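**Q** As a plain string of letters, each chain reads:
Number of protein chains: 4
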Amino acid sequence: MNNKFNNFEGENLDNFLGHEMISITAEHVESKLEVNNNHKQPMGLVHGGIYSTLAETICSYGANYGGEGTFVGVNNNTDFLSSVEDGVIHCSAIPIKKGRSFQLWECKIHQGKKLVAISKVRLSRIK
Amino acid sequence: MNNKFNNFEGENLDNFLGHEMISITAEHVESKLEVNNNHKQPMGLVHGGIYSTLAETICSYGANYGGEGTFVGVNNNTDFLSSVEDGVIHCSAIPIKKGRSFQLWECKIHQGKKLVAISKVRLSRIK
Amino acid sequence: MNNKFNNFEGENLDNFLGHEMISITAEHVESKLEVNNNHKQPMGLVHGGIYSTLAETICSYGANYGGEGTFVGVNNNTDFLSSVEDGVIHCSAIPIKKGRSFQLWECKIHQGKKLVAISKVRLSRIK
Amino acid sequence: MNNKFNNFEGENLDNFLGHEMISITAEHVESKLEVNNNHKQPMGLVHGGIYSTLAETICSYGANYGGEGTFVGVNNNTDFLSSVEDGVIHCSAIPIKKGRSFQLWECKIHQGKKLVAISKVRLSRIK
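From first to last, the protein sequence lines stand for chains Z, A, F and C. Every number in this note's numbering is 35 more than the matching position in the first sequence, counting from 1. Every number in this note's numbering is 35 more than the matching position in the second sequence, counting from 1. Every number in this note's numbering is 35 more than the matching position in the third sequence, counting from 1. Every number in this note's numbering is 35 more than the matching position in the fourth sequence, counting from 1.
Bound-form chain Z, shown alone (with noise of 0.2 angstroms):
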């Protein structure tokens, strides 16, 4: 990863949930979820919260791969499609925009073939 992030390897919330990334470039970017208990809400189910920072992450390191600029997470919107309780998830990002000032990018979560969540995350340029 490039040198926008101080701390990709060592103690941070994806390294603490183990989410792993899987490729990342300025236009696509894949990563996966091993889902254990710690990933879930009280019934039992994959916390939205956890679809909602998958898809902040990656959108995240998209929007700073190479290229000028500094951009973080202003905007996170995220729908919630299916449910899941156990297995591998599966986060892929593309941009939908990249502007100079900002950017949208859109994440879908599968597990399978079936599409468990949506999110829109829109990035404003800090520096």
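Hints were generated in silico from the structure; no laboratory data involved. As the structure is a computational prediction, the values presented were derived from the model and not from experiment.
In silico lysine to any residue, SDA-like type, Cα no more than 20 angstroms apart, as pairs:
hint: 1; chain 1: A; residue 1: K132; chain 2: C; residue 2: Q146
hint: 2; chain 1: C; residue 1: K67; chain 2: C; residue 2: P130
hint: 3; chain 1: C; residue 1: K39; chain 2: F; residue 2: N73
hint: 4; chain 1: A; residue 1: K132; chain 2: C; residue 2: L116
Per the computed footprint, the stretches of chain Z lying under chain F, defined by three or more beta-carbons under 8 angstroms from a beta-carbon of chain F, are:
hint: 5; segment: 110 to 120
hint: 6; segment: 130 to 144
All residues carry an ideal CB built from backbone N, CA and C; glycine is no exception.
With chain Z fixed as given, assemble chains A, F and C onto it according to the hints.
**A** What follows is chains A, F and C alone, placed relative to chain Z:
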């Protein structure tokens, strides 16, 4: 907490993150989080997914407190307004509308007097 | 159009604005609008509410085309990506998920090749 | 209205729809609309795009009232909570946050005491 949740005190995302409930009613929920490195993204700021997660949790707890039916989040729309590096953040949620088949809640997250994030969480009744 | 709508060709917002349907199916809807001054905000640009409106309409038409049940929009989340002053804009909508009790649709609005707005519209079944 | 708008009283969407301003300040905007058939979708209810439009307008007027800079809407997220068939609806907007480079506003739309829609409108400074 009422018995719609079978694992309120065991392994789950909120307990994993250290998200502490302060009070839960059908009309108002309050909670707090003491920030640590596991809540951060690689730039050293609290990860946006944390705010989405805190909001999702407390809106869901309020929506399911008492009353009929079980409600699950279907959309989480969170705006990130200020960054946080350390300390304690406080969350407060109230219902915007409590319908028979859906509820819409709002969560505000503060550090001291500074509003750091605001969420709308839509929940649908599943049974 | 099917008979869920009792006033498709009479007085309604789309006819008032000049919003023209091109094709409607359960999987894809297309439409267009020829911009005039009545679509603008006071700075002379197409008003953001126009994009929200076009998206709301065509996602709703697609969601209600054939199939069981009547669906009404419950949330419209529109990002404005570029400004438009004149000319024709084209709208295209596809379903992200068609559930039994809800549908989530996406609408993209272009002027030529330029993406000017993107919407997610959530619809709930009311009967 | 201040001079950021060059066509506040001429041909524009709000005048076309009959959207009447009641009061505009940098901290609170109020307006109303008397519903007619041109505001409706084909089922005979007020079109969701009307609520998005009213919200977009008054949040934008408030964001641009006095102060430095010109702000344009970049996202409009509107929840539709109750349906309206006739009569007058009232709109009220307040800022959630007024930053140097962006503002986030909230608009609530009522018919009598009934909350019929709620919006968050994000605006970015363009100059």
